[in-house]
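As you go down the protein sequences, you meet chains A and B in turn.
Using this note's numbering, the first residue of the first sequence is number 1, and each one after it goes up by one.
Using this note's numbering, the first residue of the second sequence is number 1, and each one after it goes up by one.
No lab work stands behind these hints, which were simulated from the structure alone.
Hints are supplied without guarantee of correctness; some may be wrong.
Straight-line distance between alpha carbons at most 20 angstroms, and here's what the computed EDC-like set of lysine to aspartate or glutamate pairs gives [as the list claims (entries may be wrong)]: (1) A/K141 <-> A/D102; (2) A/K119 <-> A/E169; (3) B/K21 <-> A/D207; (4) B/K8 <-> A/D173.
Here are the simulated distance ranges between beta carbons [what the hints assert, rightly or not]: (5) A/N203 <-> B/G15: 33 to 43 angstroms; (6) B/E28 <-> A/N288: 42 to 52 angstroms; (7) A/V118 <-> B/S20: 43 to 53 angstroms; (8) A/T114 <-> B/D31: 52 to 62 angstroms; (9) B/P22 <-> A/S181: 42 to 52 angstroms.
Here the structure is a predicted model, which means the values were calculated and not measured.
Every residue gets a Cβ at the ideal spot worked out from N, C-alpha and C, and that includes glycine.
Residues per chain, in single letters:
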Amino acid sequence: MSDNTLTVTEVVNSVTVTPVNNTVTVSEVGTQGPAGTNGTNGTNGATGATGATGATGATGATGSSGVVTVNAPLTNAGTSSAANLSVSTGTTSAVGVLQLTDSISSTSTTTAATANAVKTAYDFAFTKFPAVILQSGVYYKTNLGAGNNTTQGYNAQATYYQPMFIPTETTFDRLAFISGSNFSGTGTVRMGLYADNNGVPGNLILDAGTVSVTAAATTYQITINQTIPAGVFWTAWNRQVAATTNSYYGTSSASSVYNLLMGNSHTTPSSNINLGYQQASVTGAFSNASGLTISTVVPHVWLRVA
Amino acid sequence: MVEGGIMKMITYGIGGYDESKPNNNIVEEIDIPDEEQ
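Bound-form chain B, shown alone (with noise of 0.2 angstroms):
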């Protein structure tokens, strides 16, 4: 799907974006592997 066969994820908790919660709310951030090229 994008090129470079490498890909950023970023997961945000239940409700989303949220100044109050640790790094916004943010649980995970990975890089993954490009299924579709």
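Extracted from the complex, chain A is given alone in its bound form (with noise of 0.2 angstroms):
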């Protein structure tokens, strides 16, 4: 109390009274109005954690006996359900394991040769192959059956293919050509090598690239590390770009010229020989021989073994 005032405030269905200088005013309170509507719901809590595995289920039933069907060379020496299997001994008539052996001079029926007995078989036959085994340093070409040693404008952007033998795999190191003593200006030489297909140039081997030819009677070469495996396979030349007077070593067409590889060799009876082939309008980069016609003049082309 103060002033001599007493104040009693109540809420909701309760009287107040507040005395004010020495005055009694009661008032009353209205009653409570209605509770608010409830409010919207929460969002979901996070997911629980995962449950331990289950059990390992029970063991299924045992399966019924099975069945063994013999082919041969298998051979079943038990029973259909309690086999006992062999493989039969190959021959000449039936399929069969084979023992191995070594030999060069025995003449079994039954038996199978290593590969050391088919090496050792291979090497003999080379030495009664009439070629020499390639020197290391030493410069080689096609086998030509005269000198014939001339120089040739050759056919502009024509390749000429010549074939080569050798007789075991071999590393070369050079491609060379030698240009003519009457050349003059500048010119553009590209060599390479191919496979042989049946006795025709066929899948590119290496493009060996470019020389740049400015000088007469000179020999140019491009460096090369290409092995070849024993058999035959083909040579590339082909001047691609003419120089002022174009002059190369090699072939004229002659009848006393022939390619020991290729025989006489021609599509009907003639003086002129086959020394090799040739593919018209080739401008760029080597690539698989095509359109091949035949060549009775071939331009010297030098292989150096590594």
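Mind assembling these two chains? They're in different frames, but the hints should get you there.
Pasting the structure below:
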């Protein structure tokens, strides 16, 4: 109380008595209003942890017994339900297992040669072939039956292919030709190597690139590092950019020249002998040989053994 | 093979003529005696 005033404050359904200056005023308070509506629901909580793994199921029932079926060269000395298998020996009329042998003299028809026996026979066969083993550091070219060492212009942008035979796998490190003594100006010659395709040049082995020919009577060569398997392959030569006077060492068309690897080959009996093949209009990098025609002249192309 | 007994041998490196390499990729240039004279 202050200033002789008594204040009594009450709320809902109560009476408020406020004495002021020795006077009491009684005021009635109204009734409480209705309750408000409920608020919206809150968001769901986080997912709970995974439960533990269940127990292993029971073992299934035993299956029924199988039956063994045997086909040659397998044989079965047991039964269809209790097999005892083995493999028959092979013969010239029946498949089967064979005993390996290193022999190169056996006449057996029921044994098989080992890789060692094959190599022994292979090495011996080469001693009977009429070709010497190529020597390191020496230049070789296709085997022409006569010298016929002359200078020719040869066809522009024609690739000249010549076969070569090597008795063993050989690695070469140079591919070379010689400009003629009357050469003048500046020309471009491209060289490469091709695989044999049943008697004609086939897939490209190596495009060795080009050389710029600027001088007469000069050997031009490109460094290569190319291993060729034993057998026949082909050299390729093409003067792709003409000089003022085109002159290169090789053969002219003459009946006295022949290629020992090709014999007196020609499409008809002729005094002009096929020394190789030509492919016309080859202006850029080499690709697999195609459009071949026989050639009765070829430039000399040398390979040096590494 | 070539009259005069001496000829030049010009050797290009692997790949042949190449303007991007020194001396257009010529790696050796020598005079050699002609063995076939």
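Against the structure, the hints:
Between A/K141 and A/D102 the alpha-carbon distance is near 38 angstroms, which puts this suggested pair outside the 20 angstroms criterion. A hinted pair counts as satisfied when its Cα atoms are at most 20 angstroms apart, and A/K119 with A/E169 qualifies at roughly 14 angstroms. Simply put, B/K21 and A/D207 have alpha-carbon atoms about 18 angstroms apart, close enough for the 20 angstroms limit, and the pair holds. Of the pairs offered as hints, the one joining B/K8 and A/D173 holds, with about 19 angstroms between alpha carbons and a cut-off of 20 angstroms not exceeded.
In this structure the supplied range 33 to 43 angstroms is violated for A/N203 paired with B/G15, their Cβ-Cβ distance being about 20 angstroms. In this structure, B/E28 and A/N288 break the distance hint of 42 to 52 angstroms, their C-beta atoms being roughly 32 angstroms apart. Checked against the hint of 43 to 53 angstroms, the C-beta distance between A/V118 and B/S20 comes to roughly 48 angstroms, which is consistent with it. As the Cβ distance of A/T114 to B/D31 is approximately 54 angstroms, the hint placing it in 52 to 62 angstroms holds.
Remark: the range hint 42 to 52 angstroms for B/P22 to A/S181 is contradicted by a beta-carbon distance near 30 angstroms.
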